[in-house]
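Q: What follows is the residue order along each chain.
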Amino acid sequence: MRVQVQEAGFDLGAESDAFAASVPEAGAIVTFTGVVRDADAGGLVAMEIEHYPAMTQKALEAIAQEAISRWSLADALVIHRYGRLVPGARIMMVATAARHRKDAFEAAEFLMDYLKSRAPFWKKEILADGEADWVAAKDADEDALKRW
Amino acid sequence: MRVQVQEAGFDLGAESDAFAASVPEAGAIVTFTGVVRDADAGGLVAMEIEHYPAMTQKALEAIAQEAISRWSLADALVIHRYGRLVPGARIMMVATAARHRKDAFEAAEFLMDYLKSRAPFWKKEILADGEADWVAAKDADEDALKRW
Amino acid sequence: MMDIVYFAWVRERIGLPREQVETSAATVADLVTELAAREERYAAAFADLSALRVALDQELSDFDASLAGVREVAFFPPMTGG
Amino acid sequence: MMDIVYFAWVRERIGLPREQVETSAATVADLVTELAAREERYAAAFADLSALRVALDQELSDFDASLAGVREVAFFPPMTGG
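Protein chains in written order, with the working numbering: chain A, 1 to 148; chain B, 149 to 296; chain C, 297 to 378; chain D, 379 to 460.
These are calculated hints, taken from the structure and not from any lab test.
Using N, Cα and C, we set each Cβ at its ideal position, and we do this for glycine too.
Some clues are possibly wrong.
[Unchecked claim] For lysine to any residue, the following SDA-like pairs were computed, each having C-alpha atoms within a straight-line distance of at most 25 Å:
no. : chain 1 : residue 1 : chain 2 : residue 2
1   : B       : K250      : A       : L44
2   : A       : K58       : A       : V3
3   : B       : K250      : A       : R70
[Said to hold, decoys possible] Some, not all, of what chain A presents toward chain B, calculated at C-beta under 8 Å:
no. : residue
4   : A14
5   : S22
6   : R37
7   : G88
8   : R101
9   : M112
10  : S117
11  : E125
12  : L127
13  : A128
14  : G130
Can you build the whole structure from these sequences, using the hints too?
A: Quick look at the structure:
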């Protein structure tokens, strides 16, 4: 298991490849990558991601460990950035490896649902007109947790 | 949309990275990679994948096109190999890009479910003791299709 | 003349990947009956239709389907891709 | 002495990221009552507890929880990671 919280970018290709290479017996590998999307079609200048340094690493490790136990994963990877990111920048990725595709998919969705609502990150949208809005948590994200 | 049926290996890292780079507005990118797994712990020498060349490309394109329409994907990628593959080799990958994670995950699972049971590939396991067995279709794979 | 193609264990059981047949079969099921009557290896390959799938001109189809206008019929076991 | 940390709009509304307070509050709710009574900016930040989350020593908790033995209390809005 590897959990990395960093301001710097990450190399999606190299991370995906290294993760897959480290679990040759796994059969099924799923990755999810989150990208800063310009939700307002041209209005977003940057996304600022704040986090709680003393808590983030251990919260993510606990989530990853739970995914590994529940789905008997061969391995799991979580990388999450913080700081100022521009549209198109990659915010985070998770990767899961399991014997069968169903477990790898479910574990990756579980990780994402928890990262959305239980990992100590907060996003602020900086808009072209000078506005800066904290992204509100979505009811749908909170609801997504209930299926696990 | 890109659908590639090939005997040669593919570069998972480069493909993942290029796919993500081509959809900067997508927000959510999911990849699935299938790897030859030695199901009998040491018994598998190789997996031979046969396909129906005249049908494979168009069947995969139809599946990918359906995924794109149903989940309003920004893009989809399918790469599937045929021929003789050794344990640890990567058999295939899919990638999906959508605005939201739910769509990207669902579309990738849909693609996998269809590839498992509706794309004209057949796997044969070559075992260390000289046996060669065609992999039997699983009821669970057929059942998985019913949810879509 | 119709092209018939076989894959996986159907191909192995019949012993060839492709052949041309002269047939006036109206449906896939009729064609299967004709083929199965030919020789033991065909009878063995077509013994259990529930274990077989069929594609007409590279589109998945079923055993009731008409062969009108069809140029290539493929018989194979359930697919195991992915 | 207890460390209190604030994130996102809670931090902005209160105007600082961290402070130390002398408190004998037994629970998180008691601590919130003490803080909200201090100044308008605290009252504003803590006006709607349903819009807030709390972590005790870096573990998610709730407003009923005891503060016994706790060294760091964090207040923040619902998280929006991923």
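Q: Against each hint, give a clear statement of whether it holds in the structure.
A: Do the hints match the structure? See the list:
A hinted pair counts as satisfied when its Cα atoms are at most 25 Å apart, and B:K250 with A:L44 qualifies at roughly 23 Å. Under the criterion of a C-alpha separation no larger than 25 Å, the hint pairing A:K58 with A:V3 is consistent with the structure, at around 9 Å. Between B:K250 and A:R70, the direct Cα distance comes to roughly 21 Å. Compliance with the 25 Å bound is thereby established for this hinted pair. Contact between A:A14 and chain B, as hinted, is supported at the beta carbon level, the nearest pair being about 6 Å apart and thus within 8 Å.
Given hint, A:S22 at the interface with chain B, is violated; its Cβ is 11 Å from that chain's nearest Cβ, farther than 8 Å. A hinted interface residue such as A:R37 counts as satisfied when its beta carbon comes closer than 8 Å to some beta carbon of chain B; here the least separation is about 4 Å, so the hint holds. This hint holds: A:G88 has a C-beta 4 Å from the nearest C-beta of chain B, less than the 8 Å allowed. A hinted interface residue such as A:R101 counts as satisfied when its beta carbon comes closer than 8 Å to some beta carbon of chain B; here the least separation is about 6 Å, so the hint holds.
Residue-level restraint check for A:M112 holds (minimum Cβ-Cβ distance to chain B is 6 Å; threshold 8 Å). The criterion of a C-beta within 8 Å of any C-beta in chain B is not met by A:S117, whose closest approach is roughly 12 Å, and the hint is violated. Because the closest C-beta pair between A:E125 and chain B is about 13 Å apart, greater than 8 Å, the hint is violated. Taking 8 Å as the C-beta cut-off, the interface hint given for A:L127 is violated, the closest approach to chain B being about 17 Å.
Annotation: A:A128 was flagged as interfacial toward chain B, and the flag is violated, the nearest CB pair being 16 Å apart, outside 8 Å. At about 23 Å, the closest approach between the beta carbon of A:G130 and any beta carbon in chain B exceeds 8 Å, and the interface hint on this residue is violated.
Of the numbered hints given earlier, the model fails hints 5, 10, 11, 12, 13, 14; all others are met.
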